[in-house]
Amino acid sequence: MKNIHGESFDVRLEQENSTILFKGALRLCGTEDYAPILDMLKEALTSPAMPIVLDLRELDFLNSSGITMLSRFVMEARDRPGIDLQVLASEAVPWHARSLRNLQRLMPGLSIRLT
Amino acid sequence: MMIETIDNHGERAGDCEYLTLAFSPSSAPLRSRWRNNGLSADFLGDYVTTFLPADGAPPALGKRQNEVKHAITYIANELLENAMKYHLPDVEIPIRIHLELASDHIAVRVSNGASLVQARRYKAFVSQLQEGDVDDLLLRQQEESARSSESTMSGLGLLTMISDYEAQLDWRFDIHPTQPECMTVTTSAVLPLKVVPGASA
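From first to last, the protein sequence lines stand for chains A and B. Residue numbers for the first sequence follow numbering that gives the first Met the number 0, so the first one is 0 and each next one is one higher. Residue numbers for the second sequence follow numbering that gives the first Met the number 0, so the first one is 0 and each next one is one higher.
In short, the hints are calculated from the structure, not lab data. A few of these clues could be false.
Taking lysine to aspartate or glutamate pairs in the EDC-like style, the calculated list, with each CA pair at most 16 Å apart, reads [stated by the list, open to error]: (1) Lys22/A - Glu6/A; (2) Lys62/B - Glu90/A; (3) Lys41/A - Asp78/A; (4) Lys41/A - Glu15/A; (5) Lys1/A - Glu42/A; (6) Lys22/A - Asp54/A; (7) Lys84/B - Glu31/A; (8) Lys62/B - Asp89/B; (9) Lys84/B - Asp32/A.
Part of the chain B face toward chain A, derived, beta carbon under 7 Å [stated by the list, open to error]: (10) Glu66; (11) His69; (12) Leu136; (13) Gln141; (14) Ala145; (15) Thr159; (16) Asp163; (17) Gln167.
All C-beta atoms in this analysis are idealised placements derived from N, C-alpha and C, irrespective of residue type, glycine included.
Chain A with its partners taken away, still in its complex shape (with noise of 0.2 Å):
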């Protein structure tokens, strides 16, 4: 297990299921400083025990730059082949149902599971 928190955030790698957890709010300044997050999600994608699951259940906001991570991040799940990401979203936290359909406009295979 990997994980990456701040004062307002947490973001933990779970190797074994390939989950990606994210709780609280994140808000960093830019490309450089979410490239650690980045990279931890990355690593999901080397040895995938099938399917990535992103649980962004608990996380309440995420600024454009996080977005712009996301969206890296899915770009590059989008082009390897053969794989599977799951994003597990809420209908409580009014940013998800906003703004992850913008996700699968760039990866149409992606499945969002709003609960």
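Knowing the structure of chain A, use the given hints to seat chain B on it.
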């Protein structure tokens, strides 16, 4: 829905209530003040919920309040982040964020100082926004910013405000009265309350 602003004398004080926060960016480096963007944005988002009719049992926020709160927080945070990133240092122009509550809309207005070159670049992006299809631009920007390794002006924050939050944006560019080599750039985002996304009419 209606918001009425009552002043201390019980009379209606116009149709508007507002809050302004001002920051002097030279007083602390960008990195150490970055967290204040989030604090300010959260505060403004929370603040507006008082004026929205409750649709949930207190103290929990109803769905509509939660939607508006999040929209204001997102918009305020993005506008502040941009202002902090692009603000021209060493000029006497503070960064300001202004929240305005009226009966039919909520507006968030942020201004910062910019060099003429930066202002020109921003204007070019604005005309792209005004002429192009926002959803197409958004998709293109996502693809492009994913490819470039540096954090350039991607405009993704502005694009998501329009595309995901149905905000109406407009801009003002004013030459500084005593320093003609810089401008005050003001970006306004207006959320019409009747069509607040996710709200029931």
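Evaluated hints:
Taking the CA atoms of lysine 22/A and glutamate 6/A, the gap is near 11 Å; set against the 16 Å cutoff, the hint holds. For a cut-off of 16 Å, the pair hint linking lysine 62/B to glutamate 90/A stands: about 10 Å separates their Cα positions. The straight-line distance between the Cα atoms of lysine 41/A and aspartate 78/A is roughly 12 Å, inside the 16 Å bound, and the hint therefore holds. Restraint check for lysine 41/A and glutamate 15/A: satisfied, since their Cα atoms lie roughly 15 Å apart, inside the 16 Å limit.
Distance restraint check for lysine 1/A and glutamate 42/A: the Cα-Cα separation of roughly 10 Å lies within the 16 Å cut-off, and the hinted pair is therefore satisfied. For the hint pairing lysine 22/A with aspartate 54/A, the CA-to-CA distance comes to about 9 Å; that is within 16 Å, so the pair holds. A threshold of 16 Å between alpha carbons decides the hint, and for lysine 84/B with glutamate 31/A the separation of about 14 Å falls inside it, so the pair holds. Among the hinted pairs, lysine 62/B with aspartate 89/B is inconsistent with the structure: their alpha-carbon atoms are about 44 Å apart, more than 16 Å.
For the given pair, lysine 84/B sits about 14 Å from aspartate 32/A by alpha-carbon distance, which is consistent with the 16 Å threshold. Checking glutamate 66/B against chain A by beta carbon gives a least distance of about 5 Å; that is within 7 Å, so the hint holds. Look at histidine 69/B: its Cβ gets to within about 4 Å of chain A, closer than 7 Å, so that hint holds up. Interface restraint check for leucine 136/B: the shortest CB-CB distance to chain A comes to about 12 Å, outside 7 Å, so the restraint is violated.
Evaluation of the glutamine 141/B hint against chain A yields a held restraint, the C-beta minimum of about 4 Å falling below 7 Å. Given the 7 Å rule on beta carbons, the hint for alanine 145/B holds: about 4 Å separates it from the nearest Cβ of chain A. For threonine 159/B, the interface hint holds, since its Cβ comes within 7 Å of a Cβ in chain A; the closest pair sits about 6 Å apart. The closest approach between the C-beta of aspartate 163/B and any C-beta of chain A is roughly 4 Å, which is under the 7 Å cut-off, so the hint is satisfied.
A hinted interface residue such as glutamine 167/B counts as satisfied when its beta carbon comes closer than 7 Å to some beta carbon of chain A; here the least separation is about 16 Å, so the hint is violated.
The structure fails hints 8, 12 and 17 (numbered hints given earlier, in ascending order).
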